Amino acid sequence: MVFRGLHDVDPLDTSVLVLQDKHRSHLVDTKQFQEVLHPRQQMRAFLSMWRMDPRIRPYVIRVGFYVGEMTITLQDVAIILGLRIDEAAVTGTCVLDVAGLCDELLGVIPPDEALRGFAISIRWLCQQLSTPALDADEAALQRSARRFILALIGSFLFADKKVVHVHLCFLLLLRDFTQTSSYSWGGTVLAHTYQELCRASLDRRRSISSCITLIQLWSWERLHVG
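Heads up: the sequence shown begins at 0 in numbering that gives the first Met the number 0, then just goes up one per residue.
There's no promise every hint is true.
[Stated by the list, open to error] Cβ-Cβ distance ranges computed for the label pairs, FRET-style:
{"no.": "1", "residue 1": "I214", "residue 2": "P131", "range": "29 to 37 Å"}
{"no.": "2", "residue 1": "S181", "residue 2": "W49", "range": "45 to 53 Å"}
{"no.": "3", "residue 1": "I55", "residue 2": "E103", "range": "50 to 58 Å"}
{"no.": "4", "residue 1": "Q74", "residue 2": "A98", "range": "39 to 47 Å"}
{"no.": "5", "residue 1": "I211", "residue 2": "D12", "range": "52 to 60 Å"}
{"no.": "6", "residue 1": "T90", "residue 2": "L222", "range": "26 to 34 Å"}
{"no.": "7", "residue 1": "L201", "residue 2": "A77", "range": "25 to 33 Å"}
{"no.": "8", "residue 1": "S206", "residue 2": "G116", "range": "15 to 23 Å"}
{"no.": "9", "residue 1": "C93", "residue 2": "I211", "range": "17 to 25 Å"}
{"no.": "10", "residue 1": "C93", "residue 2": "T72", "range": "22 to 30 Å"}
{"no.": "11", "residue 1": "M51", "residue 2": "W219", "range": "26 to 34 Å"}
{"no.": "12", "residue 1": "T72", "residue 2": "L140", "range": "31 to 39 Å"}
{"no.": "13", "residue 1": "L11", "residue 2": "A77", "range": "37 to 45 Å"}
In case anyone wonders, no lab produced these hints; they're calculated from the structure.
In this text the structure is predicted, and so the values were computed from the model without any measurement.
Glycine is no exception: its CB is placed at the ideal position from the N, C-alpha and C atoms.
Full structure from sequences and hints, please.
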């Protein structure tokens, strides 16, 4: 292959460029390029002249034209967070045998000062994270994985306003990893985010919980300011 320099991007056989003499790129090559293309779009004028009747909106949305609609969707969650958005719902009981459950699934029983009802301290949980021994069996590796996932859930996916505790109801869902992978974690994160956005709209609220990273990245991708 003959190297012709970084700025020579034309193919070796220029005869394949059958429309080159009419293409805008030849103006760049010959330094005759004077102006850029001017886009012609009347969307702003169209929307300013005609306000959509609310009775028409459902029909417009039904065919896939989301005029005036902007919100976080399941697709956004799947793309931004990479979480599953179909299959089984994330649900279960909130009344638990804390000591027995933690001993079975985490391999450690939290002290009383690390508990608040059926929730466990995230700081204490993070202190239990360590590199498993080289000869650790599968059960030990799974317990270490559960500690990490539970801390991730409490500090990131379903964080409360203080990011201090995580409810142990999530630990029940981590018993069987095959079953855990089938849950709609993305759908649950989105539902929780909507709930917290609704609560944050109240005039007395001073903070917001939920997966704030999802809201931030969605805003960065969708809300183009400036």
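Do the hints match the structure? See the list:
| no. | hint | in the structure |
| --- | --- | --- |
| 1 | I214 / P131: 29 to 37 Å | holds, 34 Å |
| 2 | S181 / W49: 45 to 53 Å | holds, 46 Å |
| 3 | I55 / E103: 50 to 58 Å | holds, 56 Å |
| 4 | Q74 / A98: 39 to 47 Å | holds, 41 Å |
| 5 | I211 / D12: 52 to 60 Å | holds, 55 Å |
| 6 | T90 / L222: 26 to 34 Å | holds, 32 Å |
| 7 | L201 / A77: 25 to 33 Å | holds, 29 Å |
| 8 | S206 / G116: 15 to 23 Å | holds, 21 Å |
| 9 | C93 / I211: 17 to 25 Å | holds, 24 Å |
| 10 | C93 / T72: 22 to 30 Å | holds, 28 Å |
| 11 | M51 / W219: 26 to 34 Å | holds, 28 Å |
| 12 | T72 / L140: 31 to 39 Å | holds, 36 Å |
| 13 | L11 / A77: 37 to 45 Å | holds, 44 Å |
Comparing the model with each earlier hint shows no violations; every hint is respected.
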